[in-house]
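The task is simple: from the sequences and hints, build the whole structure.
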Amino acid sequence: MVAERIEGLRLPRTQRRQQILAAAAQAFAETGFHGTSLADVATRVGVSQPGLLHHYPNKQALILAVLEERDDEDSRYLDETFRDGDPTVVEWLMALCELNARRPELVRLYTVTAAESLDPAHPAHEFFQHRYQRIRRIMAERIAADQRKGRVDRALDPEHVATEVMAVMDGLQLQWLMRPPVDMCARFRAYLERWSAGGEDAAPAGGRRLSADA
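Going by our numbering, the first residue of the sequence shown is number 1, and it counts up by one from there.
FYI, nobody ran anything at the bench for these hints, they're computed from the structure. Positions of the beta carbon are idealized from the N, C-alpha and C atoms, including for glycine. One or more of the hints may lead you astray.
[Said to hold, decoys possible] Within a straight-line C-alpha distance of at most 16 Å, the following computed EDC-like cross-link-like pairs (lysine to aspartate or glutamate) qualify: (1) K149 - D86; (2) K59 - D40; (3) K149 - E91; (4) K59 - E116.
[Claimed, not checked] Cβ-Cβ distance ranges computed for the label pairs, FRET-style: (5) L53 - A186: 40 to 48 Å; (6) R44 - M178: 24 to 32 Å; (7) A190 - G35: 30 to 38 Å; (8) D40 - A186: 31 to 39 Å; (9) E159 - E105: 25 to 33 Å; (10) T81 - G51: 16 to 24 Å; (11) D40 - D183: 31 to 39 Å; (12) F82 - A39: 38 to 46 Å; (13) E193 - S75: 24 to 32 Å.
Here it is as structure tokens:
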């Protein structure tokens, strides 16, 4: 395994990269993309700036690596949690909420960076556009699958419900980061259960029902 010697410590390259990503995530969460410097990240890790650039050639590459690593971590966690099961969409979403509740810095990172990325010139602009499209599609597919299994009211429009679920999750995460925090996962579960139980009155406020001839 490739290793490097920094400040007397010999670390595998993959371990050093993980240290850099963790430090960068904290820095970006605290001060945003524009307020974070590579020198600051290098100092947090305890490496030189040239040493940092050996792994990530610029700040744009670093922020994208941080965001992609967080999404990969989510996927690994969900795959492991439900490796031997068939979770409902509510169980799947609640597992993600409970994971986020244990890592406020990463939630802050995404909240701050998503807002910054509204600027088309931001390096994560396309990342977040594609991410929201991908998550909306995956969520709609899971809702539709639960409808086929009788777990969710079949009259609901999966695309509309998925869009609303994402908005509720983002809004609760923002309020949770404030002081005093709301009970993010309890509120999220209560919201999900309002439309997941089925029945004529199960539709969320914005979860449009399909027309009879849809």
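Hint by hint, here is what the structure shows:
no.: 1; hint: K149 - D86; in the structure: holds (11 Å)
no.: 2; hint: K59 - D40; in the structure: holds (11 Å)
no.: 3; hint: K149 - E91; in the structure: holds (15 Å)
no.: 4; hint: K59 - E116; in the structure: holds (15 Å)
no.: 5; hint: L53 - A186: 40 to 48 Å; in the structure: holds (44 Å)
no.: 6; hint: R44 - M178: 24 to 32 Å; in the structure: holds (25 Å)
no.: 7; hint: A190 - G35: 30 to 38 Å; in the structure: holds (36 Å)
no.: 8; hint: D40 - A186: 31 to 39 Å; in the structure: holds (36 Å)
no.: 9; hint: E159 - E105: 25 to 33 Å; in the structure: holds (32 Å)
no.: 10; hint: T81 - G51: 16 to 24 Å; in the structure: violated (36 Å)
no.: 11; hint: D40 - D183: 31 to 39 Å; in the structure: holds (34 Å)
no.: 12; hint: F82 - A39: 38 to 46 Å; in the structure: holds (42 Å)
no.: 13; hint: E193 - S75: 24 to 32 Å; in the structure: holds (25 Å)
Checked against the numbered hints given earlier, this structure breaks only hint 10.
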